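Q: Sequence:
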Amino acid sequence: MSIQVEEKLYRYNGVQTDYGLRGSMVKNLKKHELAARAAWMYYIGGLTQHQIAEVLGVSRQVAQRLVAAATGLELVHVNIHHEVAECSLLASQLAQRFGLRRCQVVPSAGLPAEAINRMIAVTAAEEMALFINKEEAQIIALGSGRTLSQAVKEMAEISRPQHSCLSLIGAIASDGSCTHYDVPLSMAEKTSSKYFILPAPLFADSPQDREVWCNHRIYKLLYNKARLADVSFCGIGQVAPQCPLHTDGFITSADVERLVSAGAVAEIIGHFIDQDGAPVSDRLDGRRTSLPVTPAPDRQFTAFVGGPEKFQAVQAVLRGKWINGLVTDEETAQRLLLNP
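Numbered by the UniProt record's numbering, the letters in the sequence shown go through residues 1 to 340 in order.
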């Protein structure tokens, strides 16, 4: 279930609403903001009322009243119609600071990683729906990864056979296995749209092998189609031992060590980036088959990413202006604004 929150007045029929809150939380946040946060945590994050109480620093009884108030004041519907105001402000500041066309920030203060990832996925699904719900034919280009895959799972099914879902990145590892996160296929199944797979491994065995893959007729067709994409969605990966590219078998331990030594901190669609947002040259460049990405994209290119382990990676990608859209969490957003 996705949640949106409607703005409500403090008084209903002349009666002042009171959630029974006391202490610093009342001073720092409006009461309806706390109800909104509680609704996010309960319905999206999957937290218990006891966990919500611990995060907000209130009693369990107050947490219960907050969740009940969100429903009683008609803040909670099938969807929540308004983000927490603090998160909305952070999104606006991020967009202005990094030149983003679209930006959304979800609550994360004090929440476990699982809840944060779920919130990002739900919001990402809503962001993708803005394009998927269009009647006119859309070309939707997609990367890979856990967050993006989870976002597609959160999407509602809708029939859009006129759309095309295509892959920006090869899904085959060096041992011949395929990634568990075939996002374009999952989206095509959800939308009954056309599915276009990139017929190549992420990194070919050699530069010569790459030329064979990339000169294939189907590859060239997909390459030309991707250049016309109406919107692209991707994840952002960190570069470190046991990062997803490493654990999923796309790069080796030696590759990771070499890339880290060269200053790589981020990966986007198979391209490696340093802390300043500049490309990192590596021997893998001559083997990479994923479709090209460049800074300052002229069409919508949105990344879904969050969590402390991804901070340096998303910071680098934003510094290099590789994306113009972002869905992230509030703690990441705050750190990015303090240390752009």
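Derived from the structure by calculation, the hints contain no laboratory data. Model, not experiment: these values are computed from the prediction. Please note that a few of the clues may not be correct.
[Stated by the list, open to error] Estimated spans, in silico, between C-beta atoms of each pair:
no., residue 1, residue 2, range
1, LYS225, PRO295, 38 to 48 angstroms
2, PRO340, ALA109, 31 to 41 angstroms
3, TYR195, ARG227, 16 to 26 angstroms
4, ASP276, ILE158, 22 to 32 angstroms
5, ASN215, GLY110, 45 to 55 angstroms
[To be verified] 27 angstroms max Cα-Cα, derived DSSO-like pairs, lysine-lysine:
no., residue 1, residue 2
6, LYS225, LYS194
7, LYS153, LYS134
8, LYS194, LYS220
No residue lacks a Cβ here, since even glycine has one placed at the ideal position from N, Cα and C.
Q: Give me the numbers of the hints this structure contradicts, sorted from smallest to largest.
A: 1, 2 and 4
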